[in-house]
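Student: My request is simple: use the sequences and hints to build the entire structure.
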Amino acid sequence: MKRLRYKIYPDGTVRCIYKDFLAPLIQQAESHTSQRVSYVDQSPGGQWNADMSPVFGNLSPDFETRAEALAWEEAYVNEHVL
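Each residue of the sequence shown is one higher than the last, beginning at 1 in our numbering.
Among the hints, a few may not be true.
To be verified - With a cut-off of at most 16 angstroms between alpha-carbon atoms, the simulated EDC-like pairs for lysine to aspartate or glutamate come out as follows:
# : residue 1 : residue 2
1 : K19       : E74
2 : K7        : E74
3 : K7        : E79
Derived by calculation from the structure, the hints in this document are not laboratory data.
Tutor: Here it is in structure tokens:
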């Protein structure tokens with residue numbers, strides 16, 4: 001099992017990559033919001049990419065599968081956002 005990476009800011013904000021196992025914890029929080037950091041979409045040519053513009057990032061390279069694009073997206077967030 002992979003470790004959950006997260007970042008806690010001085011104002012109490014916590015950033016992490018949402019995983020389904022976090023849902024019960026998030027529901028118990030006093031307040032919470034979720035924010036997308038990217039959009040993983042299929043291009044007209046059938047390739048998959050991740051648009052990281054919500055976190056001032058770039059468009060990923062093209063991938064053959066959605067799973068490859070999602071893995072790249074997670075690695076990008078772990079390296080550049082968290």
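Student: With reference to the structure, classify each hint as holding or not holding.
Tutor: Results of checking the hints against the structure:
1. K19 / E74: Holds - the C-alpha atoms of E74 and K19 are around 11 angstroms apart, at most 16 angstroms.
2. K7 / E74: Distance of about 15 angstroms is within 16 angstroms: holds.
3. K7 / E79: 12 angstroms, holds
Of the hints listed earlier, there is not a single one the structure fails to meet.
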